[in-house]
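Enquirer: Below are the chains, spelled out letter by letter.
Protein chains: 2
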Amino acid sequence: MGKVIVVGIGPGSYEDMTIRADRALQSCDAIVGYGVYVDLVKERYPDKAFYETPMTQEAKRCALALDLARAGKTAAMVCSGDSGIYGMAALVYELRGESEEPEIEVVPGLTAACSAAALLGAPLTHDFAVISLSDRLTPWETIEKRLTHAAKADLTIALYNPASRSRPAHLKRACDILLRDLPDSRLCGIARNIGRAGESWRTLTLGELREAEVDMFCTVIVGNVSTKEIAGRLITPRGYKNV
Amino acid sequence: MGKVIVVGIGPGSYEDMTIRADRALQSCDAIVGYGVYVDLVKERYPDKAFYETPMTQEAKRCALALDLARAGKTAAMVCSGDSGIYGMAALVYELRGESEEPEIEVVPGLTAACSAAALLGAPLTHDFAVISLSDRLTPWETIEKRLTHAAKADLTIALYNPASRSRPAHLKRACDILLRDLPDSRLCGIARNIGRAGESWRTLTLGELREAEVDMFCTVIVGNVSTKEIAGRLITPRGYKNV
Numbered sequence: 115m116g117k118v119i120v121v122g123i124g125p126g127s128y129e130d131m132t133i134r135a136d137r138a139l140q141s142c143d144a145i146v147g148y149g150v151y152v153d154l155v156k157e158r159y160p161d162k163a164f165y166e167t168p169m170t171q172e173a174k175r176c177a178l179a180l181d182l183a184r185a186g187k188t189a190a191m192v193c194s195g196d197s198g199i200y201g202m203a204a205l206v207y208e209l210r211g212e213s214e215e216p217e218i219e220v221v222p223g224l225t226a227a228c229s230a231a232a233l234l235g236a237p238l239t240h241d242f243a244v245i246s247l248s249d250r251l252t253p254w255e256t257i258e259k260r261l262t263h264a265a266k267a268d269l270t271i272a273l274y275n276p277a278s279r280s281r282p283a284h285l286k287r288a289c290d291i292l293l294r295d296l297p298d299s300r301l302c303g304i305a306r307n308i309g310r311a312g313e314s315w316r317t318l319t320l321g322e323l324r325e326a327e328v329d330m331f332c333t334v335i336v337g338n339v340s341t342k343e344i345a346g347r348l349i350t351p352r353g354y355k356n357v
Numbered sequence: 115m116g117k118v119i120v121v122g123i124g125p126g127s128y129e130d131m132t133i134r135a136d137r138a139l140q141s142c143d144a145i146v147g148y149g150v151y152v153d154l155v156k157e158r159y160p161d162k163a164f165y166e167t168p169m170t171q172e173a174k175r176c177a178l179a180l181d182l183a184r185a186g187k188t189a190a191m192v193c194s195g196d197s198g199i200y201g202m203a204a205l206v207y208e209l210r211g212e213s214e215e216p217e218i219e220v221v222p223g224l225t226a227a228c229s230a231a232a233l234l235g236a237p238l239t240h241d242f243a244v245i246s247l248s249d250r251l252t253p254w255e256t257i258e259k260r261l262t263h264a265a266k267a268d269l270t271i272a273l274y275n276p277a278s279r280s281r282p283a284h285l286k287r288a289c290d291i292l293l294r295d296l297p298d299s300r301l302c303g304i305a306r307n308i309g310r311a312g313e314s315w316r317t318l319t320l321g322e323l324r325e326a327e328v329d330m331f332c333t334v335i336v337g338n339v340s341t342k343e344i345a346g347r348l349i350t351p352r353g354y355k356n357v
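In the order they appear, the protein sequences are chains Y and A.
Under our numbering, read the first sequence as residues 115 to 357, first letter to last.
Under our numbering, read the second sequence as residues 115 to 357, first letter to last.
Hints are not guaranteed to be accurate.
Identical copies go unnamed one by one, so any copy, or any two together, can satisfy a pair.
Okay, derived cross-link-like pairs now, DSSO-like style, lysine-lysine, Cα gap no bigger than 30 Å in a straight line [claimed, not checked]:
#  : residue 1 : residue 2
1  : Lys266    : Lys162
2  : Lys259    : Lys342
3  : Lys259    : Lys162
4  : Lys259    : Lys117
5  : Lys156    : Lys266
6  : Lys162    : Lys117
7  : Lys174    : Lys162
8  : Lys259    : Lys286
9  : Lys342    : Lys266
10 : Lys162    : Lys286
11 : Lys259    : Lys156
12 : Lys187    : Lys342
13 : Lys162    : Lys342
14 : Lys266    : Lys117
15 : Lys286    : Lys342
16 : Lys187    : Lys355
17 : Lys342    : Lys156
18 : Lys342    : Lys174
19 : Lys187    : Lys259
20 : Lys117    : Lys156
21 : Lys266    : Lys187
Bear in mind the hints are in silico, worked out from the structure with no lab data behind them.
Just so it is clear, the structure is predicted and the values come from calculations on it, not from any experiment.
When you get a sec, could you build the whole thing from the sequences and use the hints?
Expert: Right, dumping it as C-alpha cells:
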C-alpha cells in the first residue's frame, strides 16, 4: 500500500516552497493536481508521472490519488498555497472515510494571506480573517454574514478568490457589504501573481478597491482600524509602546 | 548599507522552513531574535553572529537589526511561524519610518494555523479567523468582541497564545465567550510543540476545551458548524457535492 501526500506548494515560486514539500515532490512516484498547479512544478521534477484534472473535478482528482496509493504508489497531490486552506486535504480524508488506509500525510504550505502580506508589507500583524468570495460551494448569504462580522470585529481581512470570469462583480459586492461598517478611507492592498511572472502589488483605499480590477490571481487585504501606510507599505501595528 | 531580512522560520523544524528562509539564514551575517527562536536555528547556521533579546524587548531587537544593517551587515531577524503574523515585520517597518534605507525584505513562513491544521487533519478548509488570546498589547474587550463575532460568523477559529504562566485562565474565559453562541459539542483540536520535540495533538469538544490544560506551545482550533471527525482527524468539508 502506498500513500497520498497532500502538498501545499505555496504561492508558486520554488523558493517559497517548504523543504518538506520539495522533498515530498522529489520522493514521490506521481504528481496529481489541477493543471495550473501541476505546471508550476513540472519542470523541476521531470521524472514523475503527472496526472491533471480540470478545476471542477476535485473529487475525481482526490479519488485518483487514493487509487494510485492503493496500487502501491506514493502520490503527491499538489495544491497552490496551503494544502488545507481551500485545498484538497479535507476532500482526500472525506473520500478515504473511516479507513486508516492508504496513509494520508498533509504537508502545509504558505497560504496566500501570508505571502500576499509579506509582499505588501506587514498588514496581518494582528488578528485577521480569511474569507473566500467564491460562491461556487458556499451560499452568498454565508459569505455576506462572515464579511459583516469580520468588519464589526475589526479583524484585518484577507479575501481569496476576489473575482473570476463567472463572478466579475463579487469584489464590488463585498466592498459594499464592508462599507456598511468600515470607512471609505480604510487602507487595503492587492497582491497579484505572487511568486510568479508578473508579480505586483498596490495599496489603495476601500473606496478605491470597490472600483479596482481584480482577477483570480489576486489576493486582497482589507486593513483594520490601525492599519497605516509607512514608506508606501501596508502596515498593521501590533501595539508596541513608544514606537 | 546592509539590509534586514525578517524571516519566518515556521513551526520550528528545518523541514517546515521555506527554501527562501533557509537561503536567507545561509547568506546573512547576523541572526537576531528572541532566544527561544534563535536556539531553533543556531546549530544549522553556526558561522553566524547571534544576537538574542528577551521576550519583552521587541523594539530593542528590531532596532538592533536595523543598526546592524546600517553598519553594512545583512541581519536576519528570525520569527517563529510567519514573519508578519504576530511577528516582527511591522515593528521593523515602524522603526525604520519613512526612510527607504536600510532595505527590508519580509520572508513569509508557515504560520501556526497552517501547521497545526495539517497535524490535526484539515480543519481550516473553509473561511477562518486567527485570534490571539494574549492581552499584553490588546485590551481583553477587543479580544472578546473578536471571539464573539467569529463565532456568530461561523468562522473556524485558530487561537494563538491560548495561555501562558501569567494568563493561565485565558482559554477558559475565551471558551465561555464562544459558548454563548456555539454548542458544547463543537469539535476542536489542540496541537502542541508542532515540529519540535514532544509534538502532539488531540481532538476534543468545546466543552472539554474549557477544562483543557494548554500552555504557550499550544495552538487551538475551534471548528465551524460543519467540522467533523473522520478516522480520528479534525476535518472541515468545503462542501463538494456527492462526497
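Enquirer: Tell me, which hint numbers fail for this structure?
Expert: Structure breaks hints 1, 3, 4, 5, 10, 11, 13, 14, 17, 19, 21.
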